[in-house]
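Trainee: These protein sequences, in sequence, are chains G and C.
Using our numbering, the first residue of the first sequence is number 760, and each one after it goes up by one.
Using our numbering, the first residue of the second sequence is number 27, and each one after it goes up by one.
One or more hints might be untrue.
[Unchecked claim] Pairs of lysine to any residue residues, derived as SDA-like cross-links and limited to a Cα-Cα distance of at most 20 Å, are as follows:
hint	chain 1	residue 1	chain 2	residue 2
1	G	Lys872	C	Glu176
2	G	Lys819	C	Lys313
3	G	Lys962	C	Gln333
4	G	Lys962	G	Ala952
5	G	Lys819	C	Glu330
6	G	Lys923	C	Ala57
7	G	Lys819	C	Glu176
8	G	Lys819	C	Ser219
9	G	Lys819	C	Thr200
10	C	Lys313	G	Lys923
11	G	Lys819	C	Val196
12	G	Lys819	C	Ala57
13	G	Lys872	C	Glu330
14	G	Lys819	C	Ser198
It is worth saying that the hints were derived from the structure and are not from the lab.
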Amino acid sequence: MSARRIVNILNKPRKTLIAYLCVGDPHPSETLALAKAAIAGGADILELGVPFSDPSADGKAIVRASERALAHGTNVDTALGIAKQLRSESAVPIVIFGYYNPLLVYGEERFVKNANDAGVDAILCVDLPFDEPANLRESAREAGISMVPLVAPTTTDARLDALKRHAESQLVDFVYYVSVAGVTGAASIDAVAASARARQVLKILDIPTVVGFGVDSAEKARAAANGVSGVVVGSALVTAIEGAPDAKARILAAEKLVSSLRHGLDA
Amino acid sequence: MQPHASRVLEVDSPGYFGRFGGRFVAETLIAPLDELVLAMVNIVDTHAFQAEWRSLLLHYVGRPTPLTETARLAKAIDPSGKSLSRLFLKREDLCHTGAHKINNALGQVLLATKMGKTRIVAETGAGQHGVATATACAMLGLPCIVYMGEEDVGRQAPNVGRMKLLGAEVRSVTAGSRTLKDAMNEAIRDWVSNVATTHYCIGSAAGPHPYPELVARFQSVIGDEAKLQSETQLGNLPDALIACVGGGSNAIGLFRTFLSYESIAIFGVEASGQGIETNHHAATLTKGRIGVLHGSKSYVLCDEQGQITEAHSISAGLDYPGVGPEHAALKESKRVTYLSTTDDEALAAVSQAARSEGIILALETAHAFARIGDVARSCASERGRAVNVLVSCSGRGDKDLTTLLSRLLP
């Protein structure tokens, strides 16, 4: 059932905007309000990031956010708790984003069960390539939770073929095309080139595709989403939150940033 | 004799040692890892590459390193001679740059030139791998960037100076615990952002497949030489091997050659820091849990939430909360026994080796030496005779002088 929510969103005529938040940044008590601000700003799907001590795929903004979140003891259960609260108030699709070790140590089956109970729709595990053996994937399939595979500029067509075969035996509502060979928050992405490759990926896989990494403005969002389902905003949102002086300002900054990308996509 | 099962990569799961290893990395790195796997077959395994690398080891590194028999140290450790018969040291401390790290650094940097890479990044803790990589880059003509935790930059100042003299750029890492694991994160971030031009030269038998295999192959020169030297000088193979284990590269380099000889008892020694019962240790195999760090599944030091915890050891080279996946498999199969040594025991071992043999050990290396007596006693009691022990003397102590002077000659 849960997967319906994502498919329904992706089937809408408007471009999909996915907003990433680092759970617990700057404090776990603010995450729910920030999530609602992102929704108010026009986010269609929320990615709730579980902070990790060693986020080697992330750039400086999310590294700092993770350190702030971990300083307040944010963990997998914090993220699932936020998901559950959000689900009780909203039908917005929720993706849990994280690194593998916290999920592995939490217990993969236990994590999937609790995520399912919390109303989570999908899992994106950034350091778990689609062909690496893991119980997480099997548990997710059984629970009807979608796995979100990443595709990078370095991913070959041969590997895309392998991913396509893999996706036939796994619930995959959408794939995440990484706009640039680099870490999250890359300063200068070529959004036009990224969307061109993303369209090829979409054509090969025939699975809805979104573009993320370095999407930090209305113009880039619009260019990156050209011909694909939508975009993900992460580091830019985290940076906007970081730059605001207090909780109230953070909520306004989050809504404003998401809203500006929304307008870029809808223009 | 058949090689031990756990050292063989499982065919249906590439890159695994038993259930450990794999490639737990961001998707962008899969293609360069595939490229490296191919390069191992198409370049490293060729006669031409082996000849060029071995020529560098011979004429530049100073290999083969000696196998030194140390009668006075043996006597100091076991005065009765009832458990320890003969003691041999494989002298990696005599390699150019002062440790075994150069074997792998030269191999990888040479490989990078053959792969058309024009830039090298590396991580370093104690600075030995950083110095080795900077050296290899200087002599092969490639720019070198070394990431080092801010904490380590402070406590390993002489090696920072050496890397700079060698023309490398040392980038201080201020994220996380500001030590080796954070330097490795930053090196991975650099690599993922520059995959087309850059080779990431990992210094330990850790990281995603094929690094643990690649590093082990370059370091196996240690064991291969030690076996031949042992046959000549001892007339036989030793009864027991001992090496220190941080990530585990000198240990796997010594062990691999001997794994298939089941009569040889093999011991890895981790750092138990201020004590295995405290939270201040780096005994990943002894006290850690199964997890994923820096691209492979192995044992890691982490809390109940899966957050990686800080390791502690007086030796910066062992101060790492992970360990190579092959060691995890060797622990699980019980082919290798993993012991641990505290900071104080390591210091005492440095003092003992210096005074009885005139060899100043690196603090890492001293962790292995501190367990010679225990290993000899347990092997001798099993076999009913005094045993011959071979220890990896993985590095020299020049870099540790500040610590050694303040702790041993206060």
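Trainee: Hey, Lys819(G) versus Ala57(C), does the alpha-carbon distance stay inside 20 Å?
Mentor: Outside the cut-off at roughly 24 Å; violated.
Trainee: Does the alpha-carbon distance linking Lys819(G) and Glu176(C) stay inside the 20 Å limit?
Mentor: Cα-Cα ~16 Å, so holds.
Trainee: Lys819(G) and Glu330(C) were given as a pair; does the straight-line alpha-carbon distance stay at or below 20 Å?
Mentor: Violated, because 26 Å separates the two Cα atoms, which is more than 20 Å.
Trainee: With a cut-off of 20 Å on the C-alpha distance, tell me whether Lys819(G) and Lys313(C) pass.
Mentor: Measuring from Cα to Cα gives roughly 32 Å; hence the hint is violated.
Trainee: Compare the distance between the alpha carbons of Lys819(G) and Thr200(C) with 20 Å, and conclude whether the hinted pair is satisfied.
Mentor: Within the cut-off at roughly 11 Å; holds.
Trainee: Is the hinted pair Lys819(G) and Val196(C) satisfied, with a Cα-Cα distance of at most 20 Å?
Mentor: holds, 19 Å
Trainee: Sort out whether Glu330(C) lies within 20 Å of Lys872(G), counting only the CA atoms.
Mentor: Holds - the C-alpha atoms of Glu330(C) and Lys872(G) are around 18 Å apart, at most 20 Å.
Trainee: For the pair supplied as a hint, Lys872(G) and Glu176(C), is the alpha-carbon distance within the 20 Å limit?
Mentor: violated, 41 Å
Trainee: Would the pair Lys962(G) and Ala952(G) pass a check requiring their Cα atoms to be no farther apart than 20 Å?
Mentor: holds, 16 Å
Trainee: Are the Cα atoms of Lys819(G) and Ser198(C) separated by 20 Å or less?
Mentor: holds, 15 Å
Trainee: Is Lys923(G) within 20 Å of Ala57(C), Cα to Cα?
Mentor: holds, 17 Å
Trainee: Take the C-alpha atoms of Lys819(G) and Ser219(C), compute the straight-line distance between them, and say whether it is at most 20 Å.
Mentor: holds, 13 Å
Violated hints, in rising order: 1, 2, 3, 5, 10, 12; the structure is consistent with all others.
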